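With these hints in hand, go ahead and build the complete structure from the sequences.
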Amino acid sequence: MEKIKSPTIVNKNASFCFFANVFVIIFLTIETLVGLPGSILALWIFCRRMRLWKSHVTFLFNICLADFLLFLSVPFRIDTHLRKDHWQFGSIWCRLNLYMLSINRSASISFMTAVAIDRYLKVVHPHHPISRMTSTHSHKLSALIWLVVILYRIPLLTVNLLHKVEEKKICRSFHSYDVVPKAIKFHYVAYVLEFVLPLVLLIFCSVKIACQIRRVQMEKKKVQRAIRAVMVINMVFILCFMPGVFTGLVGHYIKTFHPEACESYTLWINLFVVSLGFTYLNSALDPVIYFFSSSVFHDTLKNSFRCKRSISEDS
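Each residue of the sequence shown is one higher than the one before, starting from 1 at the first, in the UniProt record's numbering.
Think of the hints as simulated: they come from the structure by calculation, not from any bench. As the structure is a computational prediction, the values presented were derived from the model and not from experiment. C-beta atoms are modelled at their ideal positions from N, C-alpha and C, and glycine is treated no differently. Possibly wrong hints are sitting among the right ones.
Label-pair restraints from in silico Cβ distances [said to hold, decoys possible]: (1) Asp178 / Leu157: 18 to 24 Å; (2) Ser91 / Val207: 44 to 50 Å; (3) Lys255 / Ala143: 35 to 41 Å; (4) Leu157 / His86: 21 to 27 Å; (5) Tyr188 / Val34: 28 to 34 Å; (6) Thr256 / Leu151: 27 to 33 Å; (7) Trp44 / Ile154: 28 to 34 Å; (8) Val189 / Ala143: 23 to 29 Å; (9) Val179 / His258: 17 to 23 Å.
16 Å max Cα-Cα, derived EDC-like pairs, lysine to aspartate or glutamate [stated by the list, open to error]: (10) Lys255 / Glu166; (11) Lys208 / Glu194; (12) Lys84 / Glu166; (13) Lys168 / Asp299; (14) Lys168 / Asp79; (15) Lys164 / Asp85; (16) Lys169 / Asp85; (17) Lys84 / Glu167; (18) Lys54 / Glu260; (19) Lys169 / Asp79.
Set out below in structure tokens:
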């Protein structure tokens, strides 16, 4: 016999959905109000004030570009949550919106990892040819990263992501499909792997830099800057991307192995929706990465506010 939900359980789920929706609206609005000015300031410094572009500066600049894809897309998500998850902009823009959000996530993760690896090579393997990468090489590598990210996210454009639920049209890539399309399966796997693999690399870079500090006497400021940069990237990375991956995996586990636990599944899916707000938080926190990862950016920012023309070079 089919299990009938009690009115109390239904009311609890409805209340939780309401508060989750309100939280996401507030969270996304604050992120946009804080992150957009920060990204504009960072972009102005990169384009107008910085004269010395090293490899890690190029990667930081590309993180800033990725953030603008987010700020072009987030207002539509805010509007949708204000309409209680109802999407009013049509199927095509639904796909493009989610596609740009996915590109932002993938590109941000890729270039954050590139910055951490660059810092690792500078400290642990300073004489390796890769650690002496020229600005031309870093530009080419950045273009390659963008090309890979754009191409491997294209499957998201090949399926209908607008789902009709009762009287609402919901625009989501993560949905309770009866039969999950292959493109969506690929999207799910990519969502998890692009968190797990970079996390392993980030932890590896942190440990190796810490070990190198003990073994070799190097310039103190250079080492401190490298370890600080990698640790900041680790903290931003885990804070922004781990909640979405963890809640999504738990929800998928419940649906696959305990399909009768509808209440638990609903709870974790709502937590997953809330955790997506943390995913978008990376664009508001990225200026912190710029500040701690590059002495060029750090010095240029200080000199800009002091109205000085001289720019300190990154050692």
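Next item on the list: Given the hint that Lys164 pairs with Asp85, test it: the Cα-Cα distance must not exceed 16 Å.
Entry: holds (11 Å)
Notebook entry, point to check: Does the hinted range 18 to 24 Å hold for Asp178 and Leu157 at CB?
Noted result: 21 Å Cβ-Cβ, so the 18 to 24 Å window holds.
Next item on the list: May I ask you to test the hint 35 to 41 Å on the CB atoms belonging to Lys255 and Ala143?
Entry: holds (39 Å)
Next item on the list: Mind checking the hinted window 28 to 34 Å against the Cβ distance between Trp44 and Ile154?
Entry: Given a distance of about 32 Å, which is inside 28 to 34 Å, the answer is holds.
Notebook entry, point to check: At the C-beta level, are Val189 and Ala143 separated by a distance inside 23 to 29 Å?
Noted result: holds (25 Å)
Check: Holds or violated: are the alpha carbons of Lys169 and Asp79 at most 16 Å from each other?
Finding: It holds: about 13 Å lies between the C-alpha atoms, which stays within 16 Å.
Next item on the list: Quickly compare the C-alpha distance for Lys168 and Asp299 to 16 Å and report which way the hint goes.
Entry: violated (51 Å)
Check: Okay, Tyr188 versus Val34 on CB: inside 28 to 34 Å?
Finding: holds (30 Å)
Next item on the list: Below or equal to 16 Å on CA atoms is what counts here, so check Lys169 against Asp85.
Entry: Within the cut-off at roughly 8 Å; holds.
Margin query: For a C-alpha distance cap of 16 Å, please report whether Lys168 and Asp79 respect it.
Written below: holds (14 Å)
Check: Is the distance from the Cβ of Leu157 to the Cβ of His86 consistent with 21 to 27 Å?
Finding: Cβ of Leu157 to Cβ of His86: about 22 Å, so the range 21 to 27 Å holds.
Next item on the list: Mind checking the alpha carbons of Lys54 and Glu260 for me, to see if they're no more than 16 Å apart?
Entry: violated (55 Å)
In this structure, the hints that do not hold are numbers 10, 11, 13, 18, in rising order.
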